[in-house]
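Number of protein chains: 2
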Amino acid sequence: KRTGFKKVFPVNVKREYIFNDKCYKSIKEITEHIDLAILVVPAKYSYEIIKDAVESKVSAIIIISGGFRESGKSGIELEDKIKLEIKDTETRVLGPNCLGIYSAPNNLSSFFLPSEKMNIPKREKNELSILSQSGAISVNLMHLLPNVGVRSIVSFGNMADVDATDLITHFNKDKGTKVIALYIEGFKNGRKFYEVAKNLEKPLIVLKGGKVEEVKEATISHVGAMAGDYDIVKTVFGDANVINAEDIQQFFEYCKIFTLLDEKRVEGNKIAVLSNSGGLGILGADGIKNSRLSLTKYSKNTISKIKNIVRGFLTVSNPTDIGTDATDMDYIEVAKYICDDREVSALVLLPGFEPPPIEIPRLIKNIEKICKQTEKPIVVAFTQTEDRIKYANQLESKNVPVFQSPERAVKALGKYINYYYQTGYFPWESSSVNL
Amino acid sequence: KRTGFKKVFPVNVKREYIFNDKCYKSIKEITEHIDLAILVVPAKYSYEIIKDAVESKVSAIIIISGGFRESGKSGIELEDKIKLEIKDTETRVLGPNCLGIYSAPNNLSSFFLPSEKMNIPKREKNELSILSQSGAISVNLMHLLPNVGVRSIVSFGNMADVDATDLITHFNKDKGTKVIALYIEGFKNGRKFYEVAKNLEKPLIVLKGGKVEEVKEATISHVGAMAGDYDIVKTVFGDANVINAEDIQQFFEYCKIFTLLDEKRVEGNKIAVLSNSGGLGILGADGIKNSRLSLTKYSKNTISKIKNIVRGFLTVSNPTDIGTDATDMDYIEVAKYICDDREVSALVLLPGFEPPPIEIPRLIKNIEKICKQTEKPIVVAFTQTEDRIKYANQLESKNVPVFQSPERAVKALGKYINYYYQTGYFPWESSSVNL
Numbered sequence: 006k007r008t009g010f011k012k013v014f015p016v017n018v019k020r021e022y023i024f025n026d027k028c029y030k031s032i033k034e035i036t037e038h039i040d041l042a043i044l045v046v047p048a049k050y051s052y053e054i055i056k057d058a059v060e061s062k063v064s065a066i067i068i069i070s071g072g073f074r075e076s077g078k079s080g081i082e083l084e085d086k087i088k089l090e091i092k093d094t095e096t097r098v099l100g101p102n103c104l105g106i107y108s109a110p111n112n113l114s115s116f117f118l119p120s121e122k123m124n125i126p127k128r129e130k131n132e133l134s135i136l137s138q139s140g141a142i143s144v145n146l147m148h149l150l151p152n153v154g155v156r157s158i159v160s161f162g163n164m165a166d167v168d169a170t171d172l173i174t175h176f177n178k179d180k181g182t183k184v185i186a187l188y189i190e191g192f193k194n195g196r197k198f199y200e201v202a203k204n205l206e207k208p209l210i211v212l213k214g215g216k217v218e219e220v221k222e223a224t225i226s227h228v229g230a231m232a233g234d235y236d237i238v239k240t241v242f243g244d245a246n247v248i249n250a251e252d253i254q255q256f257f258e259y260c261k262i263f264t265l266l267d268e269k270r271v272e273g274n275k276i277a278v279l280s281n282s283g284g285l286g287i288l289g290a291d292g293i294k295n296s297r298l299s300l301t302k303y304s305k306n307t308i309s310k311i312k313n314i315v316r317g318f319l320t321v322s323n324p325t326d327i328g329t330d331a332t333d334m335d336y337i338e339v340a341k342y343i344c345d346d347r348e349v350s351a352l353v354l355l356p357g358f359e360p361p362p363i364e365i366p367r368l369i370k371n372i373e374k375i376c377k378q379t380e381k382p383i384v385v386a387f388t389q390t391e392d393r394i395k396y397a398n399q400l401e402s403k404n405v406p407v408f409q410s411p412e413r414a415v416k417a418l419g420k421y422i423n424y425y426y427q428t429g430y431f432p433w434e435s436s437s438v439n440l
Numbered sequence: 006k007r008t009g010f011k012k013v014f015p016v017n018v019k020r021e022y023i024f025n026d027k028c029y030k031s032i033k034e035i036t037e038h039i040d041l042a043i044l045v046v047p048a049k050y051s052y053e054i055i056k057d058a059v060e061s062k063v064s065a066i067i068i069i070s071g072g073f074r075e076s077g078k079s080g081i082e083l084e085d086k087i088k089l090e091i092k093d094t095e096t097r098v099l100g101p102n103c104l105g106i107y108s109a110p111n112n113l114s115s116f117f118l119p120s121e122k123m124n125i126p127k128r129e130k131n132e133l134s135i136l137s138q139s140g141a142i143s144v145n146l147m148h149l150l151p152n153v154g155v156r157s158i159v160s161f162g163n164m165a166d167v168d169a170t171d172l173i174t175h176f177n178k179d180k181g182t183k184v185i186a187l188y189i190e191g192f193k194n195g196r197k198f199y200e201v202a203k204n205l206e207k208p209l210i211v212l213k214g215g216k217v218e219e220v221k222e223a224t225i226s227h228v229g230a231m232a233g234d235y236d237i238v239k240t241v242f243g244d245a246n247v248i249n250a251e252d253i254q255q256f257f258e259y260c261k262i263f264t265l266l267d268e269k270r271v272e273g274n275k276i277a278v279l280s281n282s283g284g285l286g287i288l289g290a291d292g293i294k295n296s297r298l299s300l301t302k303y304s305k306n307t308i309s310k311i312k313n314i315v316r317g318f319l320t321v322s323n324p325t326d327i328g329t330d331a332t333d334m335d336y337i338e339v340a341k342y343i344c345d346d347r348e349v350s351a352l353v354l355l356p357g358f359e360p361p362p363i364e365i366p367r368l369i370k371n372i373e374k375i376c377k378q379t380e381k382p383i384v385v386a387f388t389q390t391e392d393r394i395k396y397a398n399q400l401e402s403k404n405v406p407v408f409q410s411p412e413r414a415v416k417a418l419g420k421y422i423n424y425y426y427q428t429g430y431f432p433w434e435s436s437s438v439n440l
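As you go down the protein sequences, you meet chains A and B in turn.
Under the working numbering, the letters of the first sequence match residues 6 to 440, in that order.
Under the working numbering, the letters of the second sequence match residues 6 to 440, in that order.
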């Protein structure tokens, strides 16, 4: 009840009461309609219970328990028996071998983790839905996205019935979901996935586990699925505009940028890189080419404005290095001029905190302001030491994505811009595209 | 004096005293021998002062000031004039346009940053020496390596005299330095670098800034150097066994693994991956192939020992998933058996903290112990949320490198093992190598 269920019926053959609630011996004893049954009994008892649930016309069952397809021959037989039992009935099954669901709008959770080990980010807007074949990856993702509003998490395990494509279809229609993230090891039906994915109306970010031949055995014993050939998978993702994350770090970074920036307009791929440290700016610019972005040239007007601010500035180039003498106010002013320039589609801000004239808290506050004022995407990267993580949290709570390095910020921005370019939602003049 | 200098002579034309010390009008007024002069005057006054210093036979000069080669034509002329002045003299120059040096053994620092913005990691052993063309990158690296003992930092800027290769030559001979890290945008003499690099006795980790054509202009205005073709640079690095970091995150991760693991023996590339979460293990194993490592097969003895510990374990494969039911003590016991297996060269530990039977502090303590007991390299990865960073710090303070994701841990381990393979310091039977 604490986790959002309106009415809970405990079912257990051995007990009369659980937490002061009358305990039923079987689902069939319950006369009211059951929306959701959560199964946490050992696999060998599950078949009889599912039979009862189907007879009682339970709408949905989450089988948390493991011991099915992932555990070998007898598990496969058991899972197949269950599949046959629910076939052509009104009952749908999630799992087995999963954590089930978390839903922010319904304040509903079937996750069997102690609350101090759960860390569901609470924000005003919850727009990211996470679908994961692995329970651990879904929980890890929550920890990695402390500032991103998570709307739903579905840990779907072996996909005996409901599969990843069903879930994507659902969340594509779900109005509150703006971005869908999927961790998957093996697809049940690749063709079906492709057809759904290429017609999605929202970004789908996928991390594929089991990329190499040697890992196939492991994926079978994890979720009972055979991992497909990664090169084929990548091609299919490309064709369907699926956003492919190469590793878990990219996965959460892409989730972050797509969810936080979702109201920013993408009008081109002409990038400006601003830093008060030459080295950081150069690392940021290094990432530009690999990300199919281009380093823009500022208009003459912008160049003269920047020269007015920064003392002794002989050439204003991009990446823009305003030098270690510049104050945080100089930094902010230059950032504003760059945002105003029509030759700039997006801005990568790389503040160095160390130069003496930089007052960090004021710099952060003003970056917040600029990001709010402009319609252009802005991403930020700085070194997040233990005592400086708070600044990243502060910015991200205002929808400004912060990355751990210049290169990572540019990589994520590239994915963001290229997605909108490929899907054509925000087309820009082809002359400015440098693919 | 606070930063380690034995005797300091302030020189300033306008003042009589600085901090109660008598101020000299010129270096030439000082009769004692000067080991090091630190120049922080505007560029235009620097030439006369350097002339004085050379006449006074000052051993070394650090020119902190900018305004030389990086700032255009007149700066280039000025720098060339200085180069001519010191040619064939006993005086050596570091910089200009740099932060100078930090030296832990001498407790010496010329960095002009406020102490609250410096963050030099203090450890018992200080074995990493950082050489950086960019001051900001060197400072960032300090922040990124809170648990790695830094012996020296040299920010060398424009390389008017002392260049990167001179510094590498020096630190190769320096007994206290075990690992050398270099950030560089452009080499003065590539051939000389190659000759020195290929004969080094210690790992040299390099991050090359200015990788793409578009960034060349920026590197000139940053350190007055022309960035070379990155593909050529990579080939040269490969030939000379230089450890090439593709971005700043890899750079600090490689610094971390090479410095912390330096006493672990590399006897092969047969890797074991252990997790209590199937998904994390699979992501770890995905990284194996790209890193020229191989997933090992355990001996029968190890398999039966693992089966004895973990209930209901039908198949013991690698990556090893001991399941969410396993306790932290189970996890540790399995890790021990894997370390004892002769078929295992190194171990990747991927603890999931979320499963209810895992008591995190005890798990961490015991990982520490295992890593201390074994001679094999062990790397660890887990999700480092704000409240869990302390566990990473705890492990790293005991020389156990911790990474932010399974893939990153494996990537760094691969660099470590392949370096020792290529340099032949720890040769292993070629039959076990799967390159």
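Note that these hints are calculated values from the structure, not bench results.
Any given hint could turn out to be false.
Given that identical chains are not distinguished, each listed pair holds provided it fits within a single copy or across any two copies.
The calculated BS3-like cross-link candidates involving lysine-lysine, where the alpha carbons are at most 25 Å apart (straight line), are [to be verified]:
hint, residue 1, residue 2
1, K221, K403
2, K122, K370
3, K374, K312
4, K239, K294
5, K374, K88
6, K221, K294
7, K56, K183
8, K19, K178
9, K122, K395
10, K88, K19
11, K180, K341
12, K130, K370
13, K127, K395
14, K183, K49
15, K49, K312
16, K221, K302
Hint check results:
no.	hint	in the structure
1	K221 - K403	neither (41 Å within a copy, 35 Å between copies)
2	K122 - K370	between (32 Å within a copy, 19 Å between copies)
3	K374 - K312	within (23 Å within a copy, 58 Å between copies)
4	K239 - K294	both (21 Å within a copy, 17 Å between copies)
5	K374 - K88	neither (54 Å within a copy, 47 Å between copies)
6	K221 - K294	between (34 Å within a copy, 13 Å between copies)
7	K56 - K183	neither (37 Å within a copy, 66 Å between copies)
8	K19 - K178	neither (42 Å within a copy, 74 Å between copies)
9	K122 - K395	both (21 Å within a copy, 16 Å between copies)
10	K88 - K19	neither (27 Å within a copy, 90 Å between copies)
11	K180 - K341	neither (34 Å within a copy, 50 Å between copies)
12	K130 - K370	within (21 Å within a copy, 39 Å between copies)
13	K127 - K395	both (17 Å within a copy, 23 Å between copies)
14	K183 - K49	neither (40 Å within a copy, 57 Å between copies)
15	K49 - K312	between (75 Å within a copy, 21 Å between copies)
16	K221 - K302	between (48 Å within a copy, 14 Å between copies)
In summary, the structure is inconsistent with hints 1, 5, 7, 8, 10, 11, 14 from the numbered list given earlier, while agreeing with the others.
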